[in-house]
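Work the whole structure out from these sequences, hints included.
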Amino acid sequence: MTTLIDLRPAGSAPEPDDAPRPIRRSLSLPDYVFRWGTTGIGAVVLVITGGIGIFLGYQLVPTLHHYGLHFFAENQWNPGLNILGISSVLIGTVEVALIALVFAFPLALLTALYISEYAPSWLRGSLTALVDLMAAIPSILYAVWGFFLICPHALYVARWLNEYFGWIPLFHVQNGDARAPVFTATQYDYSPFIAGMVVSMMVIPLACAVMLGVFGQAPIAEREGAYALGSTRWGMIRTVVLPFGRGGIIGGTMLALGRALGETMAVLLILSLNTDIKFRPLELGGVTTAQLIANFFGEATGGQLSALLAAGFVLFAITILVNTIAAMIVNRSRSGALTEI
Amino acid sequence: MNTFAAPAIDAAPTQAYSANPSGAHLNADRISAWFGTNKVLERVSLSMPPGTVTALIGPSGCGKSTFLRILNRMHELVPSAKLAGEVRLNGVDIYAADNPITVTRKRIGMVFQKPNPFPAMSIGENVIAGLKLNGSRASRTERARLIEDCLTRAGLWNEVKGRLGDAGGSLSGGQQQRLCIARSLAVSPDVLLMDEPCSALDPTSTRRIEETIAILRNQVTIVIVTHNMQQAARVSQQCAFFLAEQGTPGQIVEAGATKDIFEQPRDPRTADYVHGRFG
Chain P
1 MTTLIDLRPA GSAPEPDDAP RPIRRSLSLP DYVFRWGTTG IGAVVLVITG GIGIFLGYQL
61 VPTLHHYGLH FFAENQWNPG LNILGISSVL IGTVEVALIA LVFAFPLALL TALYISEYAP
121 SWLRGSLTAL VDLMAAIPSI LYAVWGFFLI CPHALYVARW LNEYFGWIPL FHVQNGDARA
181 PVFTATQYDY SPFIAGMVVS MMVIPLACAV MLGVFGQAPI AEREGAYALG STRWGMIRTV
241 VLPFGRGGII GGTMLALGRA LGETMAVLLI LSLNTDIKFR PLELGGVTTA QLIANFFGEA
301 TGGQLSALLA AGFVLFAITI LVNTIAAMIV NRSRSGALTE I
Chain V
1001 MNTFAAPAID AAPTQAYSAN PSGAHLNADR ISAWFGTNKV LERVSLSMPP GTVTALIGPS
1061 GCGKSTFLRI LNRMHELVPS AKLAGEVRLN GVDIYAADNP ITVTRKRIGM VFQKPNPFPA
1121 MSIGENVIAG LKLNGSRASR TERARLIEDC LTRAGLWNEV KGRLGDAGGS LSGGQQQRLC
1181 IARSLAVSPD VLLMDEPCSA LDPTSTRRIE ETIAILRNQV TIVIVTHNMQ QAARVSQQCA
1241 FFLAEQGTPG QIVEAGATKD IFEQPRDPRT ADYVHGRFG
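So the protein lines, in turn, are chains P and V. When we follow this note's numbering, the leftmost residue of the first sequence carries the number 1, and every step to the right adds one. When we follow this note's numbering, the leftmost residue of the second sequence carries the number 1001, and every step to the right adds one.
Hints are supplied without guarantee of correctness; some may be wrong.
[Claimed, not checked] Simulated coverage check for chain V against chain P, where a stretch passes if three residues somewhere in it have a Cβ under 8 Å from a Cβ of chain P:
#, region
1, 1037–1051
2, 1149–1156
3, 1217–1223
4, 1231–1241
5, 1258–1266
[To be verified] Chain P residues, not near chain V, derived (Cβ > 10 Å throughout):
#, residue
6, 68
7, 71
8, 74
9, 137
10, 184
11, 229
12, 236
13, 240
14, 272
15, 293
[To be verified] Cβ-Cβ distance ranges computed for the label pairs, FRET-style:
#, chain 1, residue 1, chain 2, residue 2, range
16, P, 107, V, 1038, 20 to 26 Å
17, P, 20, V, 1228, 54 to 60 Å
18, V, 1082, P, 107, 35 to 41 Å
19, V, 1082, P, 129, 27 to 33 Å
20, V, 1173, P, 129, 39 to 45 Å
Please keep in mind that the hints were generated in silico from the structure rather than gathered at the bench. Glycine is no exception: its CB is placed at the ideal position from the N, C-alpha and C atoms.
In structure tokens:
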């Protein structure tokens, strides 16, 4: 039980209730100009992105008017018969992107771990620069490199997969018996598998750079704590670096996924366009949204152009969604960071 | 029968790195240290016998933390760091090529200035993190007993026994530091190095840690760096005064029984420092 001591002179009137007072700040003119200047520049980014979204979204209206909701269910894209649909396109887009991730995720993670934890310090800088440089190579060069160098060799990887795992539907190739006396190489060429492989090369530096940045921030105090317990380097990485970098690993992978979803050049050059819905990535032919747009944009007119742009809008929405989730994961602080003393 | 009691061994260790429950003899012989070309320690020798708390005192920048980090090979984690001399654990040089660094660090544990529990792990997991890091396996009951034993020895068991599954970071600073002590004890070290373990803590937590040190003294050899003269006087039996005079590398000015260092120091600089006239 506490007793409050009344310090006011005896007989004075009770004090009125207190209320929070408003706090106002006056900005000087330079402050004012600077604040609204930066706000304006920042807003431009939003306006541009929003403008693209609205422009593309607006194309949905005539498209749905023409083709109805069937637009999302139809797998063919046949401008001659005016049968347009994006179901195969959406499936193909996700298929190629996921194949790219299957290659990109382990390679990016191991590359980032090597550079940040194992590489000697004199090599670390050059390797980081090299990874950044990898991101700067134009995608047409990757596409050409993939077309001439990867394709002829990757099809043997595909054949091997088919030979031993062909009983799994995912690794099956129609008319492509790997043990046939005459190997039908053409059934294995220009497949989503090979396209995804080349796309993975383009997204590795992106994922790797994000992971590198996060691994580098793993606290020295925790690293030393692990070493002081007699930890091996791998033990330290497992208990300190990987848990700390989890957000970066997930976020970097999602950013890579976002980029892979929209990759155009490599897919356009390598993947042989085919709008059948088939879940056989080792097999010749497939289609992605970006490839579809690049392929048909030239001769499309009127309603068909709108339909192409509507397909683009769907891609835009998926990419924005993936990137937003990635950003949220990267920015989310880890539980321990809150207790920093 | 207490299963945690180590088997009795002869007074003279016959085998290098024998797991002596009352700690090991740590001997630093003519240690010099450099960061790049800057020499920070000049031929420092110090004997740290078992059953004794050795306090390293001295003003900031005199090399005592560097000396401590040399004692369990943490020094070499700094890229430009170099050293000369020998550190002998029960007579065996820990820097010898055939001594695995992981074994050395397990034998010579370290508690840092800032508590550094692993934030992704629970309180219980933090205690036995050393087992996981060393790749040693233990059954569920062994782990549970080890957690209780180490937390009890670190003076933290009663405060956390009901919430071992909570995150290590949910504890207060003083509790986190005792958790780090428990974590170090779990790999049964012979020596425990403490680098200003109380400098980030409030007086109550400091007292708890000092009580913990007093209890652990007969179990492991303890070496503690401290800026707090009273703390050095309270917890240690022997004391080494480090000093780096203008532009020269750090050296031990005087080392001996704590009582002597504080009551009748031989060197006037020691007297000035322990009586708070500089530093």
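These are the hints, each one checked on the structure:
no., hint, verdict
1, 1037–1051, "violated (count 0)"
2, 1149–1156, "violated (count 0)"
3, 1217–1223, "violated (count 0)"
4, 1231–1241, "violated (count 0)"
5, 1258–1266, "violated (count 0)"
6, 68, "51 Å, holds"
7, 71, "47 Å, holds"
8, 74, "48 Å, holds"
9, 137, "32 Å, holds"
10, 184, "49 Å, holds"
11, 229, "4 Å, violated"
12, 236, "7 Å, violated"
13, 240, "7 Å, violated"
14, 272, "46 Å, holds"
15, 293, "44 Å, holds"
16, 107/P to 1038/V: 20 to 26 Å, "41 Å, violated"
17, 20/P to 1228/V: 54 to 60 Å, "44 Å, violated"
18, 1082/V to 107/P: 35 to 41 Å, "36 Å, holds"
19, 1082/V to 129/P: 27 to 33 Å, "28 Å, holds"
20, 1173/V to 129/P: 39 to 45 Å, "40 Å, holds"
Going down the numbered hints, you'll see the structure goes against 1, 2, 3, 4, 5, 11, 12, 13, 16 and 17, while the others check out.
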